[in-house]
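Peer 1: Below, each chain spelled out in residue letters.
2 protein chains.
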Amino acid sequence: MSPESPEFTTVPVSLGERSYDILIGPGLIARAGEEIARRLKGARAAIVTDENVAGHYLDALMESLKSAGIAATPVIVAPGEKSKGFATLEIVTNAVLAARLERGDAVIALGGGVIGDLAGFVAGIVRRGMNFIQMPTSLLAQVDSSVGGKTGINTAYGKNLVGVFHQPQLVLADTDALDTLSPREFRAGYAEVAKYGLIDQPEFFAWLEANWKQVFAGGSERIDAIAISCRAKAAVVARDERENGDRALLNLGHTFGHALETATGYDSSRLVHGEAVSIGMALAHRFSAHMNLASPDDAARVEAHLKAVGLPVSISGIPGSLPPAEKLMDYIAQDKKVARGALTFILTQGIGQAFIAKDVPFSAVLGFLQGK
Amino acid sequence: MSPESPEFTTVPVSLGERSYDILIGPGLIARAGEEIARRLKGARAAIVTDENVAGHYLDALMESLKSAGIAATPVIVAPGEKSKGFATLEIVTNAVLAARLERGDAVIALGGGVIGDLAGFVAGIVRRGMNFIQMPTSLLAQVDSSVGGKTGINTAYGKNLVGVFHQPQLVLADTDALDTLSPREFRAGYAEVAKYGLIDQPEFFAWLEANWKQVFAGGSERIDAIAISCRAKAAVVARDERENGDRALLNLGHTFGHALETATGYDSSRLVHGEAVSIGMALAHRFSAHMNLASPDDAARVEAHLKAVGLPVSISGIPGSLPPAEKLMDYIAQDKKVARGALTFILTQGIGQAFIAKDVPFSAVLGFLQGK
Ligand SMILES: NC(=O)c1ccc[n+]([C@@H]2O[C@H](COP(=O)([O-])OP(=O)(O)OC[C@H]3O[C@@H](n4cnc5c(N)ncnc54)[C@H](O)[C@@H]3O)[C@@H](O)[C@H]2O)c1
Ligand SMILES: NC(=O)c1ccc[n+]([C@@H]2O[C@H](COP(=O)([O-])OP(=O)(O)OC[C@H]3O[C@@H](n4cnc5c(N)ncnc54)[C@H](O)[C@@H]3O)[C@@H](O)[C@H]2O)c1
Ligand SMILES: [Zn+2]
Ligand SMILES: [Zn+2]
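Line by line, the protein sequences give chains A and B.
The UniProt record's numbering puts the first residue of the first sequence at 1, with every later residue one more than the last.
The UniProt record's numbering puts the first residue of the second sequence at 1, with every later residue one more than the last.
Check the hints yourself; a few may be wrong.
If you anchor each label on the Cβ, the simulated ranges turn out as follows [as the list claims (entries may be wrong)]:
| no. | chain 1 | residue 1 | chain 2 | residue 2 | range |
| --- | --- | --- | --- | --- | --- |
| 1 | A | E63 | B | P324 | 23 to 33 Å |
| 2 | A | G55 | B | Q349 | 35 to 45 Å |
| 3 | B | R100 | A | E326 | 30 to 40 Å |
| 4 | A | D297 | B | L15 | 32 to 42 Å |
| 5 | A | G219 | B | Q334 | 24 to 34 Å |
| 6 | B | S269 | A | R38 | 47 to 57 Å |
| 7 | A | T180 | B | L366 | 46 to 56 Å |
| 8 | A | G367 | B | G129 | 32 to 42 Å |
| 9 | A | E51 | B | G16 | 38 to 48 Å |
| 10 | A | G27 | B | R18 | 34 to 44 Å |
| 11 | A | N244 | B | A304 | 20 to 30 Å |
| 12 | A | G55 | B | Q334 | 34 to 44 Å |
| 13 | B | R100 | A | G27 | 44 to 54 Å |
It is worth saying that the hints were derived from the structure and are not from the lab.
Since this is a predicted model, take the numbers as computed values, not measurements.
Ideal Cβ placement from N, Cα and C applies to all residues, glycine included.
Work the whole structure out from these sequences, hints included.
Peer 2: What follows is the structure in structure tokens.
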């Protein structure tokens with residue numbers, strides 16, 4: 001961990017004066033104080049985390065910040081999606097104000113995507129914008145939610161409908177932290193890793209097919225997979241920071257996936273986000289084949305890989321009863337704007353050849369789902 | 001009100017791609033539909049307003065939007081500063097989502113500064129940023145709060161500590177609407193008008209000394225005074241959108257003012273913001289004279305004018321008992337960062353010659369207040 005021989009990989013996110021680095025590697029929690037102090041001189045901090053993550057890593061982070069001279073106040077919330085709501089937003093906001101932090105001080109998110117989205121939103125609104133550090137501890141957060149500046153909470157009207165774009169000053173992805181993540185959560189995050197291959201990197205997908213066991217086991221393949229994922233997301237974000245255009249490609253598998261999450265009432269015992277995305281990606285590939293846009297062989301290959309790592313690939317794989325195709329279409333229509341009976345969907349011409357398909361007929365999607 | 005002969009004045013706010021116009025004049029509520037439809041084609045809207053303002057102007061605005069083909073949902077909150085908090089933020093946010101508005105639709109703030117700050121914050125966070133239209137109906141909102149993109153709410157830790165910068169697409173200041181404003185609220189807003197003269201426009205201050213009665217009565221002098229104020233604020237905002245530098249000049253009178261608002265517990269029956277600013281400006285000029293920075297004659301002139309329009313100019317003018325000077329200094333210290341016993345203050349070298357004074361000794365301010 002000496003500064004001379006950092007074992008970590010740096011992925012830059014290029015956003016003009018809002019540019020920042022993602023550091024990926026082992027031991028970064030212990031190194032956090034040094035990395036933060038170097039970038040935000042004299043800053044104090046609030047650490048937002050959840051009970052699970054606090055149990056594993058809060059002491060180590062407090063220690064590291066203390067050695068670097070950073071006074072920090074921990075703010076611990078309950079784990080789970082319920083903490084991404086107005087009630088917890090107000091509590092965390094008040095805790096940051098109670099610590100008398102100023103704009104130049106930092107909110108540190110130590111946890112999964114729930115913590116990153118919540119803490120980032122708080123950092124975006126306290127004093128109209130404070131410094132923000134992401135320390136993602138779930139695989140999903142390391143490869144997806146901690147990069148790009150989208151923050152927010154859920155409401156009764158849907159997920160992530162309220163928030164701000166607020167870029168962090170630094171992302172520290174400690175890959176050792178993933179060792180305490182449950183296998184199910186690791187797999188769920190892996191669905192998003194595979195997604196980057198399926199969007200536009202067929203070689204990366206092929207590499208994952210060959211190396212996924214090492215990625216799950218840890219070591220340099222894991223770091224590589226996370227770095228490639230972050231690079232892919234960073235490139236999209238740099239092109240389209242506020243999601244007006246091709247950032248939509250990142251939604252591969254997500255239209256079907258969100259409908260399934262709604263259909264299961266966001267009950268994580270039945271389905272977590274990455275699992276929904278896995279099924280959604282399998283469906284998007286099968287639907288693309290069904291529409292004669294891609295070969296059925298590609299759909300089969302995608303399914304085979306997701307299955308191999310233990311992810312679900314079909315609606316029937318979800319425990320409990322599910323609504324009929326018509327109802328799923330209602331959820332899809334709620335999620336997306338339906339213009340004159342047509343939908344915008346991320347479809348594909350093959351592995352690593354995803355594209356934004358406008359005007360996908362509603363009836364074609366319904367027919368496909370009815371055929372399942 | 002025909003488009004050929006607009007009776008209104010246009011003040012542009014130059015912020016690159018976030019630039020917008022402020023239209024100032026009579027009849028703009030009736031004209032709102034047309035002006036909004038022209039700028040935001042196909043948009044729908046939510047109108048956020050308070051009970052007082054709704055009683056006077058909501059029907060007229062709904063009518064105008066309807067004629068222009070803009071479907072609008074009203075969201076009415078209680079009048080007063082209490083509506084600028086998390087509870088109402090959540091209610092209004094949910095109402096906007098319930099209306100199924102998208103990013104390209106608009107939140108319209110119809111009301112005073114409370115409504116503008118609240119609705120602007122909602123517009124800034126729903127779907128991470130929707131279109132926003134300011135329709136300020138108080139003098140304070142027309143000359144100050146509706147311009148510049150600062151939005152937010154209060155918390156137990158202080159006023160305006162939580163919010164976002166979110167610029168409107170258009171500001172429509174209907175000067176007729178001021179006719180139903182209470183004389184006390186009009187006077188309070190006038191304190192901010194006078195402030196622009198005192199900051200850096202001595203001729204404007206002199207013009208106000210000569211023409212204030214016409215400004216209060218309405219007509220072209222009122223429009224002129226509002227336009228000059230908006231131009232002044234727009235220029236400062238264009239130089240310093242995110243308040244990192246000389247936007248601080250706009251705080252003339254506000255350091256003392258905020259301390260007095262805190263001391264009176266934000267009880268508007270005792271003191272409203274503009275009155276606090278009036279006393280604060282008088283104190284800032286007297287303190288500048290006390291520090292031999294400006295002539296006592298200038299302080300006397302400022303006081304005489306504020307008194308003439310009916311504004312309070314001294315702490316003793318506030319009804320009820322007030323804490324001693326030492327306690328007021330505590331409030332000032334809470335509001336401002338106190339670095340090594342020194343404060344940053346807006347002081348002056350004379351009428352229209354305000355400047356940012358760093359390192360004002362705490363003890364000098366205390367001594368001055370004790371001498372009151
Ligand atoms: N902002 C974005 O761009 C973006 C992108 C994708 C997803 N998201 C959001 O991310 C959230 C999902 O993220 P998530 O899957 O990380 O959920 P999460 O934060 O709920 O974490 C999942 C579970 O793992 C636990 N955990 C996290 N790290 C751990 C560790 N190292 N050891 C042991 N336990 C650990 C958590 O306590 C939690 O119980 C969703 O709310 C989603 O909307 C946001
Ligand atoms: N965002 C900024 O840059 C900024 C700048 C200055 C002040 N502010 C904020 O503005 C707020 C004060 O604004 P305000 O003085 O307009 O307060 P306000 O919105 O409470 O309005 C004052 C009163 O006048 C009533 N009212 C408004 N227009 C009326 C009309 N045309 N006819 C009859 N009644 C009318 C309101 O119902 C209210 O009772 C404070 O919260 C302050 O923090 C913000
Ligand atoms: Zn996802
Ligand atoms: Zn003011």
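Peer 1: Compare the structure with each hint and give your call.
Peer 2: Results of checking the hints against the structure:
1. Judged by the Cβ atoms, the range 23 to 33 Å given for E63 (chain A) and P324 (chain B) is violated: they are separated by roughly 45 Å.
2. Separated by about 60 Å at the C-beta atoms, G55 (chain A) and Q349 (chain B) break the suggested range of 35 to 45 Å.
3. Hint check: R100 (chain B) to E326 (chain A), Cβ distance near 21 Å, so the stated range 30 to 40 Å is violated.
4. Separated by about 53 Å at the C-beta atoms, D297 (chain A) and L15 (chain B) break the suggested range of 32 to 42 Å.
5. Here the CB-CB span from G219 (chain A) to Q334 (chain B) is close to 52 Å, at odds with the stated 24 to 34 Å.
6. At about 52 Å, the CB distance of S269 (chain B) to R38 (chain A) agrees with the hint of 47 to 57 Å.
7. In this structure the supplied range 46 to 56 Å holds for T180 (chain A) paired with L366 (chain B), their Cβ-Cβ distance being about 54 Å.
8. For the pair G367 (chain A) and G129 (chain B), the supplied restraint of 32 to 42 Å holds, since their beta-carbon distance comes to about 37 Å.
9. The given range of 38 to 48 Å is respected by E51 (chain A) and G16 (chain B), whose C-beta atoms sit roughly 44 Å from each other.
10. Range check, G27 (chain A) to R18 (chain B): about 42 Å between beta-carbon atoms, so the 34 to 44 Å window is met.
11. Checking the proposed 20 to 30 Å range against N244 (chain A) and A304 (chain B) shows it is violated: the Cβ atoms sit about 55 Å from each other.
12. A C-beta distance of roughly 36 Å is found between G55 (chain A) and Q334 (chain B), which places it inside the suggested range of 34 to 44 Å.
13. Distance hint check: the CB atoms of R100 (chain B) and G27 (chain A) are about 48 Å apart, consistent with the given range 44 to 54 Å.
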